[in-house]
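Model the full assembly from the supplied sequences, consistent with the hints where possible.
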Amino acid sequence: MSNAATSKPVSAPLPDIHDAADRAAVDASCRLPVLSFFASAVFWLIVGTVFALLASIKMHNPQFAVEIPASLAHWLNQFYPLVPANTVETLNGALTFGRVRPAHLNTVAYGWASTAALGVGIWLMARLCRVQLRYPRFVTAAAVIWNIGVFVGTAAILLGESTGVEWLEFPAYATFILFIAYALISIWAVDMFVHRRPGHVYVSQWYIMAALFWFPWLYATANILIHHESVQGSVSAIVNWWYGHNALGLWFTPMGLAAAYYFIPKVIGRPVHSYYLSAFGFWSLALFYSWNGGHHLIGGPLPAWVITASIVASVMMVIPVVVTAINHHMTMKGNFHVLEYSPTLRFVVFGAMSYTLASLQGTTMAIRSLNTVTHFTDYTIGHSHLGLYAFFTMIMFGSMYYIVPRLVGCEWRSAVLIKIHFWSCAYGIIFMVLILTVGGLVQGLMMRDAAIGFDKIVENMVVYKYFRSVSGVLLTVGHVVFAFHFSLMLLRLGRTEGGPTLFRPLETT
Amino acid sequence: MSEHDKHPADQEPVDPRLPGIDYDESTNVQEIHESILRENVDPQDGMEPMPLWLISVILVVVLFSGYYLGQYNGGFSATGFDENAGTAAGGKGAVAAGAAKVDENSPEALAKLGKRVFTTNCASCHTPTGMGVPGTYPPLVASPYVLENPHRLVSLVLHGLQGPIVVNGATFNNAMPAWDKQLKDKQIAAVLTYVRSEWGNKADPITPEEVAVVRKEWEARTTPWTVAELDKIPNEPILKKGAAPAAPAAKK
Amino acid sequence: MNRLTTLFIGFFATFLTAWLGLVIIPYFQFGQLEPQVDPDTGDQYPAFRTGLAERGKQVYQANGCIYCHTQQIRPADLEEGHNRGWGARRTVPRDYLFDRPPQLGTMRTGPDLTNVGVRLNDAAWHHEHLYAPQSKSPWSTMSPFRHLYRVVKIQGEPSPKALKLAGDFAPPEGYEVVPTPEAEALVAYLLSLNRNYALPEAPLE
Chain R
1 MSNAATSKPV SAPLPDIHDA ADRAAVDASC RLPVLSFFAS AVFWLIVGTV
51 FALLASIKMH NPQFAVEIPA SLAHWLNQFY PLVPANTVET LNGALTFGRV
101 RPAHLNTVAY GWASTAALGV GIWLMARLCR VQLRYPRFVT AAAVIWNIGV
151 FVGTAAILLG ESTGVEWLEF PAYATFILFI AYALISIWAV DMFVHRRPGH
201 VYVSQWYIMA ALFWFPWLYA TANILIHHES VQGSVSAIVN WWYGHNALGL
251 WFTPMGLAAA YYFIPKVIGR PVHSYYLSAF GFWSLALFYS WNGGHHLIGG
301 PLPAWVITAS IVASVMMVIP VVVTAINHHM TMKGNFHVLE YSPTLRFVVF
351 GAMSYTLASL QGTTMAIRSL NTVTHFTDYT IGHSHLGLYA FFTMIMFGSM
401 YYIVPRLVGC EWRSAVLIKI HFWSCAYGII FMVLILTVGG LVQGLMMRDA
451 AIGFDKIVEN MVVYKYFRSV SGVLLTVGHV VFAFHFSLML LRLGRTEGGP
501 TLFRPLETT
Chain U
1 MSEHDKHPAD QEPVDPRLPG IDYDESTNVQ EIHESILREN VDPQDGMEPM
51 PLWLISVILV VVLFSGYYLG QYNGGFSATG FDENAGTAAG GKGAVAAGAA
101 KVDENSPEAL AKLGKRVFTT NCASCHTPTG MGVPGTYPPL VASPYVLENP
151 HRLVSLVLHG LQGPIVVNGA TFNNAMPAWD KQLKDKQIAA VLTYVRSEWG
201 NKADPITPEE VAVVRKEWEA RTTPWTVAEL DKIPNEPILK KGAAPAAPAA
251 KK
Chain W
1 MNRLTTLFIG FFATFLTAWL GLVIIPYFQF GQLEPQVDPD TGDQYPAFRT
51 GLAERGKQVY QANGCIYCHT QQIRPADLEE GHNRGWGARR TVPRDYLFDR
101 PPQLGTMRTG PDLTNVGVRL NDAAWHHEHL YAPQSKSPWS TMSPFRHLYR
151 VVKIQGEPSP KALKLAGDFA PPEGYEVVPT PEAEALVAYL LSLNRNYALP
201 EAPLE
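Residue numbers (the numbering used here), protein chains in the order written: chain R, 1 to 509; chain U, 1 to 252; chain W, 1 to 205.
If you're looking for bench data, these hints aren't it; they were derived computationally from the structure. Quantities reported herein were computed from a predicted structural model and do not represent experimental measurements. Mixed in with the good hints, there may be bad ones.
To be verified - Ranges between beta-carbon positions, derived for each pair:
| # | chain 1 | residue 1 | chain 2 | residue 2 | range |
| --- | --- | --- | --- | --- | --- |
| 1 | W | Arg150 | U | Glu148 | 39 to 49 angstroms |
| 2 | U | Lys184 | W | Ala123 | 15 to 25 angstroms |
| 3 | R | Pro69 | U | Lys184 | 48 to 58 angstroms |
| 4 | R | Ala73 | W | Glu80 | 38 to 48 angstroms |
| 5 | W | Arg150 | U | Thr222 | 20 to 30 angstroms |
| 6 | R | Leu159 | W | Pro160 | 23 to 33 angstroms |
| 7 | U | Thr171 | R | Pro81 | 46 to 56 angstroms |
Virtual Cβ for every residue (Gly too), placed ideally from N, Cα, C.
In structure tokens:
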């Protein structure tokens, strides 16, 4: 019996033709809104990657790209007064590390990650509500508004209007636009849920609904208190990191987990291991994650109780993380061979395992005795990329590989391109996290020894920064390949025969 | 009740063709559908119970967290910054601060204050070991500017230095800032006492009264010293025994 | 609908706990602080910043200095900032009373700046460092902030504000580098960074 070679294990019931037709109708209704979000996501992924490379190179080559080329400057100055007098200086200012780096963070967080999450989340909501997407033009409008917000905000950062608050660098006029777009989606999601086909509510929907409820509250509170009310310094700091950590834990993490909970059992055709673990994992995450923010400020100007409460919550996070890991692992058990074939499953399982690793690492980093070494070093940067890239971004890639063919009506054109994408991103992110983790530890240990001058520390770190750029190049290759492949799909240049595009051809029984 | 709420057997037959696709262009309707047809059903929930060992792990984590929160909460107060306060290891900070107030003007106390002033203000250039940075910032260890002529040394610190200076055969040409506005007499006296008694240096302490005298002497000065000007300062005790503190007549 | 209500109550309640604990309670417990006034001298700690320094803080924010520099000293058992000359004591909430928002930072690619106005109190040093960091610290990987300066032809007398640069960093013959108002504001802000005063809740260590 060569069940192992097929993508449909015998244990799953055969799909009903009406069920399939309904799913086809749902997918068709999703086409414009979801593809709008996906196209935005891929666009901002490339933009964010360019900023990332620029910032990374500047950290070991500070003289890189300090000014626009002299010939371009000369050409621009010819158009004075049409082009204002200090245009060249403004463009040079846009190239400094201090602006490129927040441009990278904001384009990958609000440009790539958020739009990918919204696209995947919207499709999942439609599929799980088992009704056609309601008000597709409304949702597409939200996508357009969101993009305007990200564009305006990023331009503001580059032109010297950044607020100087991490994760909240967009000025008020841009955050307001983003808030409107997000609120529209939240309202849409409630409407969909109310009009869903009656039946069991699956765990992914809890995560999506929760995220769409929490994020507007987070975003509004943080922006109002920090920028509008201008609360005193230490309160501003704790609100800042309450927001920053919850953007990761209550927006990106739930969307990533929603996708993992859907695609893992879906692709292998088996049920999720335990409803009880799903429920317990969800509610413990909801309760503990939001308290973590203060661990970004260990040793900082805050009363001890705030920091201790956050450290306690960071340790308690072990509970939902282990629970979810067990649930996913036991679901996958006996089906790991499917990873040889399915791009979706490979990306998603890579992501789910990275989630466990990143979260457990985060718990250890919150303990004061390790924090004294890792705080303020590249170790933290390694951790954040492990979370947002190795976990979240890889799951989004896997989700998109599944969803896009169902929206455009053709299969991904080339298995080779998917392989290149997977391996350059997998190796790229593993390498990056290793380099930053080792480098961060070295940096932190040297900082702890006051006899080592700061100049020595900086000199020692240059080689790590260089290798970080190398890993960034690997990631860029993967992204460019994916963007190209995705564009082919948008143009309906995929394959129309021969079955799904897998890593390896299925052996016929 | 919407169409979708009805039992599948009671529903109107659903048109399997996806809208927006030109079926004349494609090879086979069945193939367009293939990705939908070959899908497994949407995920279901299994009902396995939570394992017992997991429940034990959760209890351990909860207990540890409760203990940690109880121990390190700093009294839940707005000014409880030390998480160790109230624990066996804690409270040392408060005790030490109280004990430090013994005889503030003894040379030992001055040197301790001096070390603090040094690390805050001087160490970033002259380095914590007093060795300076070759080619950039001069060393203080075994430096004649530190060990000899306290009058010159106090003047130097008060108003800073610009231009080249040779220390033990090496030339340095940087800018030392003026400290007359940043540091009080007691702090300058303390830091110079510290520097003159640390790293193998052995020279007499400098008192706040001496610093006050030199400060008044040069109070009209607005620019940093050059080495030529500094070397003109005579190598005499700042406070002359039995005489009133010297103040040059022609000032302003 | 029943299910929706249950879920929403759950989302709301779980989120509310941390919103209360990390946002609302801190706002009331240490968000209404007053500065300390020395009874003998009448000095206020922390002091108000001058208008120019406040403008300089905005330049600091707009140019992303926090991505490499911190402005917080942790307690002595957690870090060596005291022995690196970065500060005489750990920082506490009142140090950031007028920093709205504070520029605490999260990376020490470069040194901490909590008290940079004390240990590097020379404006000219800062200008030269901002324009060409490697001219002051050859080992530095800090990006030059040349867009805050202008290279202009010397007309008549050289400007008293012109930067003193040497070697490769100097402008061509007949030209000088002068700071823009943003650069002057930024340096005024940097020179204002001083938390070496003692507070009742934070004695000098």
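Results of checking the hints against the structure:
1. In this structure, Arg150(W) and Glu148(U) meet the distance hint of 39 to 49 angstroms, their C-beta atoms being roughly 46 angstroms apart.
2. A C-beta distance of roughly 22 angstroms is found between Lys184(U) and Ala123(W), which places it inside the suggested range of 15 to 25 angstroms.
3. One distance hint, 48 to 58 angstroms for the beta-carbon pair Pro69(R) and Lys184(U), holds here, with the actual separation near 53 angstroms.
4. Distance hint check for Ala73(R) and Glu80(W): the Cβ-Cβ separation is about 44 angstroms, which falls inside the suggested range of 38 to 48 angstroms.
5. At about 28 angstroms, the beta-carbon gap between Arg150(W) and Thr222(U) stays in the expected band of 20 to 30 angstroms.
6. Look at Leu159(R) against Pro160(W): about 31 angstroms separates their beta carbons, and that is inside 23 to 33 angstroms.
7. Checked against the given bound of 46 to 56 angstroms, the beta carbons of Thr171(U) and Pro81(R), roughly 51 angstroms apart, stay inside it.
In this structure, every one of the numbered hints holds.
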